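Okay, here's what each chain looks like letter by letter:
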Amino acid sequence: MKHITLTALAFAVLTQACKKPLDEMADYYPTVRTESVTLMPNGTVKVVGRILSEGDAPVEYVGFCADTTAKPEMLDGQAIAELNGDQFTAIYSGFDPYATYYFRSWATNEHGYSYGNVLSLDSIAAVPVEPPCMPANNTASIGTGTPAQTYYPIEAPEEYFNVWSFQANTNAHFITYRFGGGMGTGIYTTTTNMDPAPGYARISFFSGFYNGVLASGSSVYMEQLSPTSWRITVCQAPWTTGSSTFYFNTRFTVNS
Amino acid sequence: MVMSEHERTAPGWATGILPLKGVLLTALVTLSVSPAAAQIGIKLMQFRPTGDLGYVVERKWTPEFLYIQDFEEKTRMRASFLYMNLQPRLDTFPTTGLISDSNGFRVLPGWQTFSKINMYLITGGLDYAVVELFDYDLALYPGLDIIFGGIGMEYESYTPEISSSGFSGGFMIGGLRLRLGAEWAFNDHFGANLEWSTATYYQEEGGRYTFNDLGIGVRYQF
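Same order as they appear, the protein sequences are chains A and B.
Numbering that gives the first Met the number 0 puts the first residue of the first sequence at 0, with every later residue one more than the last.
Numbering that gives the first Met the number 0 puts the first residue of the second sequence at 0, with every later residue one more than the last.
By construction, these hints were calculated from the structure, which means they are not laboratory data.
Among the hints, a few may not be true.
Cross-link-like lysine to aspartate or glutamate pairs, in silico, DMTMM-like; alpha carbons within 20 Å at most [claimed, not checked]:
no., chain 1, residue 1, chain 2, residue 2
1, A, LYS19, B, GLU194
2, A, LYS70, A, ASP121
3, A, LYS18, B, ASP134
4, A, LYS45, A, GLU72
5, B, LYS59, B, GLU153
6, B, LYS73, B, ASP134
7, A, LYS19, A, GLU53
8, A, LYS18, B, ASP51
9, B, LYS73, B, GLU160
10, B, LYS59, A, GLU34
11, A, LYS19, B, ASP51
12, A, LYS19, B, GLU57
13, B, LYS59, A, GLU23
14, A, LYS45, A, ASP55
15, A, LYS19, A, ASP55
16, B, LYS115, B, ASP134
17, B, LYS59, B, ASP90
18, B, LYS73, B, ASP136
19, A, LYS70, A, GLU34
20, A, LYS18, A, GLU53
21, A, LYS19, A, GLU109
These numbers were taken from a predicted model, which means no experiment stands behind them.
Hey, can you work out the whole structure from these sequences and the hints?
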C-alpha cells in the first residue's frame, strides 16, 4: 500500500511538471495576418484576416483595428469578428475620402494578444449611385393612395451601436430610417432587422391607419453630398399589410 | 456605465521574503554541523520552470545548499535550501480584458510587468539507493522531497478602462519534488552526484506551478 501511494504521488508530480516552456515567447500568442482590404461598391471596406497559428492556447477573440495613424492599436476603430475556419472578416464604413486608413488584424488567446501586419487604403469612396426613379424632392409616399407628402424638418442622424438612425415626418407619416455601419454614398439593401448590418437599412413608418416596414431586398440609394449631408432615394420598395402590397417612394436630403 | 467587465493577467503570484527563511536556514545549519550528522553539500543546479511558471520566468543557474547523508544504508535523509532571484521572460507581458458598456463589447489590450520575482525553497526528504555498484561506490537512486518556501514579487498591471494596479508582497508555497540521481563516493568523506528533479507546488492564494531542475553536486562528510 505504501508503494502504491508513493508511486501515485510520484506520477502526479511527474505529469504536472512535464510541460516544457516554449523557446520563443512569440509562440505562446496567435500568429495572425491581415490578408486583404477591399473597397466595396457601396463605399464600405471589407477587411479579411487569417489565423496562421493559434499559439499555445485556443484563439479566443479576433478582429481588426483601423485608424488614420500608420500603426493602429487594438482600441482604434475596433471591430470584433467571428472566426470562420481560420479566416475572419469585418466591414468598415464612414470614411473620409481624403484620408489614408490603416487596417491591422489582431487575435487573443489566454496568454495575451498579437497583431498582424498593417494594410492601408486611401481615396475610400463609393461608386456614385444613380437612382432609377426621381420622386419629387423632399417627399414621401407609402403608396396607399394618399398623395406624396412633404417632409418638414428632419432629425439629424444619431449613431448607437453602429446603427445610424433618424426620424423623418410628414403631415401624414412618421418614418424611421436606420442604416447599419454608417452613412455614405452607396446602395443599401432593405431589411426588417431592427439592427441592420453594415450595408443594410430598415425603413419603417406609422401613418395613422398603417404601420409598415419595407420588405427585405429593396434598394435604398444614398448620395453623400458633404460630410454632413446625404440625399436618400427609394423607388417602388414593396411593403405589405394583410394580403395587400403597397410601394414606398421617397427622395429627400438629411443633414447632421 | 460598465455593465460587466473581466480582466485577465499573467499568473498572479507575489512577493516578500518571509521570516520563516531565517528559522529554517538556522535549522539546516544546525543539522549540518551537529556531531551526530555533520554532512554538507552544495549543488549547482539549473532551475527550469515549466507550465505557467515557464511562461513567466527564465531558467536560472543557482546553488542549492544541502544537508545530505551518504548511503551507509539503502535510505538516506537530506534537506536543502536555495534562493533565486528570477528574471521575467518579457519586459512587458501582453494581457487582455473584456468590457461591455455603452460603447459595446470590446477587447481591451493590457500589460503586466514584473520588477521582482524572488523564490526561496526549503526541502526535506529521502533518497533510496536502488542500485549500488563498484563496491558500493556508485549509487543510483530516486528520491522524494517535501518543499516549503516563499515567493516574493512586485508587479504592475494595467488594462484600459478596467484597472491599473501594482502589487508587492509574498506568499507561502508548499509541494513535492521527485528526484532521480547517481552518486559516486570518492572516499569516506567526498561524494559527487548528478541529479534531475521535477517538482510541483501549490502557492498560497494562487494555483499550482511546476518546475524541473538539473544539477551536479558534491557532499562532504566530517
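Status of the hints after comparison with the structure:
The hinted pair formed by LYS19/A and GLU194/B meets the criterion: a straight-line CA distance of about 18 Å does not exceed 20 Å. Restraint check for LYS70/A and ASP121/A: satisfied, since their Cα atoms lie roughly 15 Å apart, inside the 20 Å limit. Annotation: proposed proximity of LYS18/A to ASP134/B is violated, straight-line Cα distance about 39 Å (limit 20 Å). For a cut-off of 20 Å, the pair hint linking LYS45/A to GLU72/A stands: about 19 Å separates their Cα positions.
Taking the CA atoms of LYS59/B and GLU153/B, the gap is near 19 Å; set against the 20 Å cutoff, the hint holds. Proximity of LYS73/B to ASP134/B is assessed by CA-CA distance (about 14 Å); at most 20 Å being required, the pair is judged to hold. Pair hint LYS19/A plus GLU53/A holds up; C-alpha atoms about 18 Å apart against a cutoff of 20 Å. Straight-line distance between C-alpha atoms of LYS18/A and ASP51/B comes to about 9 Å, which keeps the hinted pair within the 20 Å bound.
Between LYS73/B and GLU160/B, the direct Cα distance comes to roughly 61 Å. Violation of the 20 Å bound is thereby established for this hinted pair. For the hint pairing LYS59/B with GLU34/A, the CA-to-CA distance comes to about 41 Å; that exceeds 20 Å, so the pair is violated. Restraint check for LYS19/A and ASP51/B: satisfied, since their Cα atoms lie roughly 10 Å apart, inside the 20 Å limit. Restraint check: the Cα-Cα separation between LYS19/A and GLU57/B comes to about 12 Å, which is no more than 20 Å; the hinted pair holds.
Annotation: proposed proximity of LYS59/B to GLU23/A holds, straight-line Cα distance about 17 Å (limit 20 Å). For a cut-off of 20 Å, the pair hint linking LYS45/A to ASP55/A is broken: about 29 Å separates their Cα positions. The straight-line distance between the Cα atoms of LYS19/A and ASP55/A is roughly 11 Å, inside the 20 Å bound, and the hint therefore holds. With a CA separation close to 48 Å, the supplied pair LYS115/B and ASP134/B exceeds the 20 Å bound.
Distance check on the hinted pair: LYS59/B and ASP90/B sit about 17 Å apart at the alpha-carbon level, within 20 Å; holds. Between the alpha carbons of LYS73/B and ASP136/B the distance comes to roughly 13 Å, so the proposed pair stays at or under 20 Å and holds. Of the pairs offered as hints, the one joining LYS70/A and GLU34/A holds, with about 16 Å between alpha carbons and a cut-off of 20 Å not exceeded. Between LYS18/A and GLU53/A, the direct Cα distance comes to roughly 18 Å. Compliance with the 20 Å bound is thereby established for this hinted pair.
A threshold of 20 Å between alpha carbons decides the hint, and for LYS19/A with GLU109/A the separation of about 17 Å falls inside it, so the pair holds.
Comparing the model with each earlier hint shows violations of hints 3, 9, 10, 14 and 16; every other hint is respected.
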